[in-house]
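S.K.: Sequence:
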Amino acid sequence: MTDNLKTPKVNTRKSAEINPPKDLLQVEDVQLLAEGITTVVTLHLKAHHLICYSSPSTPPQGTSTPSKPAKSRSVVFAYALFSSVIYRPTPPTSSHQSSIRIRTRDFRFARLIFNQDKQARDVFETLKSCTCTLGSIDKLYAFECVQPNGEGINGWEIYDAKAEWKRQGISDKEPDRGWRISKINVDYGFSETYPALLPVPSSISDNTLNYAGRYRSRARIPALTYLHPVNNCSITRCSQPLTGLRGNRSIQDEKLVAACFSASAPLAERDVNSSISSRASPASSQVDLDLEKVEGELSDTEKLEDQMISASSKIEIQDAPHIYGAQQNNLIVDARPTVNALAMQAAGKGSENMEHYKFAKKAYLGIDNIHVMRKSLDVVIEAIKDSDVSKLPPNRDLLAKSGWLKHITGVLDGSALIARQVGIQHSHVLIHCSDGWDRTSQLSALSQLMLDPYYRTIEGFVVLVEKDWLSYGHMFQLRGGYLNSEKWFKIDKDAMAGSAINPGDRGEGRSDTFETLFQGTKRLFAKTQTSAQDHADRESGDLLEDAKSANSAKEATDLENISPIFHQFLDATYQLLHQHPTRFEFNERFLKRMLYHLYSCQYGTFLYNNEKSRLDARVHERTNSVWGYFLANKVQFLNPQYNGEINDNVRGQERLLFPKLDKVRWWNDVFNRSDADMNGPSNAVTERYLGGDMTPDRGRSSPSPRPNPNNLGINQGVLTGVETAHAALTVNRTSSPTRVVSNGAVAGFATLRDGIAGLGLGKGKSASGSSSGANGGNSPASWKGKGREMEVEMQRELEIQTSCIKFTGFSTANVSRDMVAIKSGVFRIEKTNLV
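When the letters of the sequence shown are read in order and numbered with UniProt numbering, they come out as residues 1 to 835.
Heads up, some of the hints might be wrong.
[Claimed, not checked] Pair ranges (Cβ atoms, derived):
1) Asn679 to Val186: 43 to 51 Å
2) Ile37 to Asn679: 21 to 29 Å
3) Val75 to Gly652: 36 to 44 Å
4) Val650 to Pro56: 51 to 59 Å
5) Asn647 to Asp160: 41 to 49 Å
6) Thr126 to Glu560: 25 to 33 Å
[To be verified] When the alpha-carbon atoms are kept at most 30 Å apart in a straight line, the in silico DSSO-like pairs for lysine-lysine are as follows:
7) Lys173 to Lys612
8) Lys46 to Lys22
9) Lys490 to Lys592
10) Lys634 to Lys660
11) Lys660 to Lys487
12) Lys22 to Lys139
13) Lys128 to Lys592
14) Lys490 to Lys139
15) Lys490 to Lys46
16) Lys592 to Lys660
17) Lys554 to Lys487
18) Lys183 to Lys162
Bear in mind the hints are in silico, worked out from the structure with no lab data behind them.
Just so it is clear, CB atoms sit at the ideal spot from N, CA and C, and this is done for glycine as well.
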């Protein structure tokens, strides 16, 4: 076991023999329909599981009796995994039978068909009661689960923060590498959502951290998450700054970020200049700073810090070694679309003004928020939902329109940018999104996976998840909705009226086409600054700040805050594993089981939202850790192709690895579908056709080429654009966006959309350039400055609305079109006819 891990102790707290729980309800002779196959089962409803037992089949008469008696088979559904349970009653006179349709968080679909309607109703009510009325997290299965014999490893002992920082070279007993472990949050009083131990620059005192915390959302200040062992460059992470509409700034925050970008110079070079070495001061030596007087007087120590920070970009030495970092391209990565970041200013938040961070450049990655990701997965589920009644392939049109692969590609591309900056450009990177626990965790963890072979081992991956997801406060409980929701339990009374539902039917009536479009457009532009602009990039659990006294109310599932963020991380990890099969110690099953236990609530690892909440709930004492399960069954999760040899001179053994963006594919196994179903010959084309320009067809290799940051314009968005503090930089590009032309009904969408886009939304703010076309709005190469970014974001929102319109029964040649003209926030409807 790697030296930064504690040797796991044997867990004797829950190692007794399992006593089968009693049945709450038992129903015999029920038909289980899954993958188009019907099996007669007996239902056993336990406190936390639904178990479907099938009796062994009787051999036909005249055949020999097998030497071993056949065993009964069982299908188990954990209640915590339910994401949809629909009860469909039928009247006694109907020829149809009452049924319950189940969908789970691990993408299993099943239908239970009953002989009597009362049986179906009793099962439905029991499932609903056991799933939705728990009231609090500590009523979940993890707090009652008995650990099976053989899982004697105490998974809570696997991760030790001090040991991991020591592995990275940060320790009180080691030479100062420019970083120290601050205990400012040891009681979680500084930031409830941050870990107790925070690695920060040695030159920054806790007093300065206190003031810097007031400038970052939820006091999530820039803190270290990874220090490169070769070049000492760092990856730090934080939340968005509180710039607001007035453009607030914080000298302390600027000093902290600058220190992060200069803290890791090699020791020999840091000692060349005595003034540089004098920057390191005791943790509590700096005087108190008043945030309200940021322009006021500074102490001599602080003035020296400011002089050294500003000098790092100005010093030119001839006939002498260059100052370390003077030629670096340090980067502040804002994971959000530019428009979302700007909209947050109305809520008193926003993004850095790079005039105050001239030692770095900024890149907007354009990764969408939690709401877009949730809706994207919902469309994927809609495409595969009929797998209970049929073995037919999924709806490929819906798969493409979901944009799921586009989102996975975007996260991988952003992570590759960060890994490239640190591992190849020898530069520092600071990552944030809104609150710094969703997209930030994805980018931080994936970039480290590309940089450090240690994290590609089973133990290393456990440490990575513990560090960048659990300790840095990804809100697993909020994003997972572990207490379920009554809204997921529905009664479909269509059958009572004699109607029939066929596979693929959504039960939706056709709404007025253009009224839907208009209302969607109106919602986009008529939102209030206080509520809608905040929702434009709301990834936090703001609803938890409402005055709610009961713990059960705070822990209740908020459907608007559920999102598959960690699922996307595992999917992106699968892409790297599939593309580099010899570089990972673990296999695909390891990732799939982790996704299962993310929602199973069998272990306490992923419960609650942050380190403090888990400590308060004493999950270490009251539950088992999922890491004990994985390590006890390690042989099942080993990759037989793994080669841990690291040699940068041998192809396939390099320390760094990067994604091949044009090879991103559906993780078919996690959706319980065949590779042919999800990755058939036409799917790659269809994805580009309908889901956006996921990967350009320009022979792009991996790692994808990056433009020179010095040739990029101000506020230029997404991965290929870097925002810089120097206004003199201009755009010098000749590439034009790719236009994809679709056919059939999609052509009608494109015509309507192009007509709206032709109105010139954002006119007067956009840089010159050609229009983006059908999918250019999602293509990083098509963004031409701030105004163009706003236009593309608006156009993307309109596409979401038009994608829901059904043209069946309409003739696009004679359709009356409502063109929406927006001026000064007031809508005018101009009706024209298409000829």
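S.K.: Lysine 128 and lysine 592 were given as a pair; does the straight-line alpha-carbon distance stay at or below 30 Å?
M.R.: 27 Å, holds
S.K.: Does lysine 660 lie within 30 Å of lysine 592 when you go C-alpha to C-alpha?
M.R.: Satisfied, since the Cα-Cα distance of roughly 21 Å is no more than 30 Å.
S.K.: Go ahead and decide if the range 21 to 29 Å is satisfied by the Cβ distance of isoleucine 37 to asparagine 679.
M.R.: Holds - the Cβ-Cβ distance for isoleucine 37 and asparagine 679, about 24 Å, lies within 21 to 29 Å.
S.K.: Is it true that valine 650 and proline 56 lie within 51 to 59 Å of each other by Cβ?
M.R.: 53 Å, holds
S.K.: Can you let me know if the beta-carbon spacing of asparagine 679 and valine 186 is within 43 to 51 Å?
M.R.: Once the Cβ atoms are compared, 49 Å apart, the range 43 to 51 Å for valine 186 and asparagine 679 holds.
S.K.: For lysine 490 and lysine 139, compute the direct alpha-carbon distance and say whether it is at most 30 Å.
M.R.: 23 Å, holds
S.K.: CA of lysine 183 to CA of lysine 162, is that 30 Å or under?
M.R.: Roughly 12 Å separates the two Cα atoms, so the pair holds.
S.K.: Lysine 46 and lysine 22 were given as a pair; does the straight-line alpha-carbon distance stay at or below 30 Å?
M.R.: Given pair lysine 46, lysine 22 holds - Cα atoms ~6 Å apart, limit 30 Å.
S.K.: Taking 30 Å as the top limit, are the C-alpha atoms of lysine 634 and lysine 660 close enough?
M.R.: 29 Å, holds
S.K.: Lying within 41 to 49 Å: is that true of the beta-carbon distance asparagine 647 to aspartate 160?
M.R.: 30 Å, violated
S.K.: Could you tell me whether the CB distance from valine 75 to glycine 652 stays inside 36 to 44 Å?
M.R.: Holds, since valine 75 and glycine 652 (Cβ atoms, about 41 Å apart) stay within the stated range.
S.K.: Does lysine 46 sit within 30 Å of lysine 490, going by the straight-line distance between their CA atoms?
M.R.: 21 Å, holds
Hint compliance for this structure: hints 5 and 11 are broken, all remaining hints hold.
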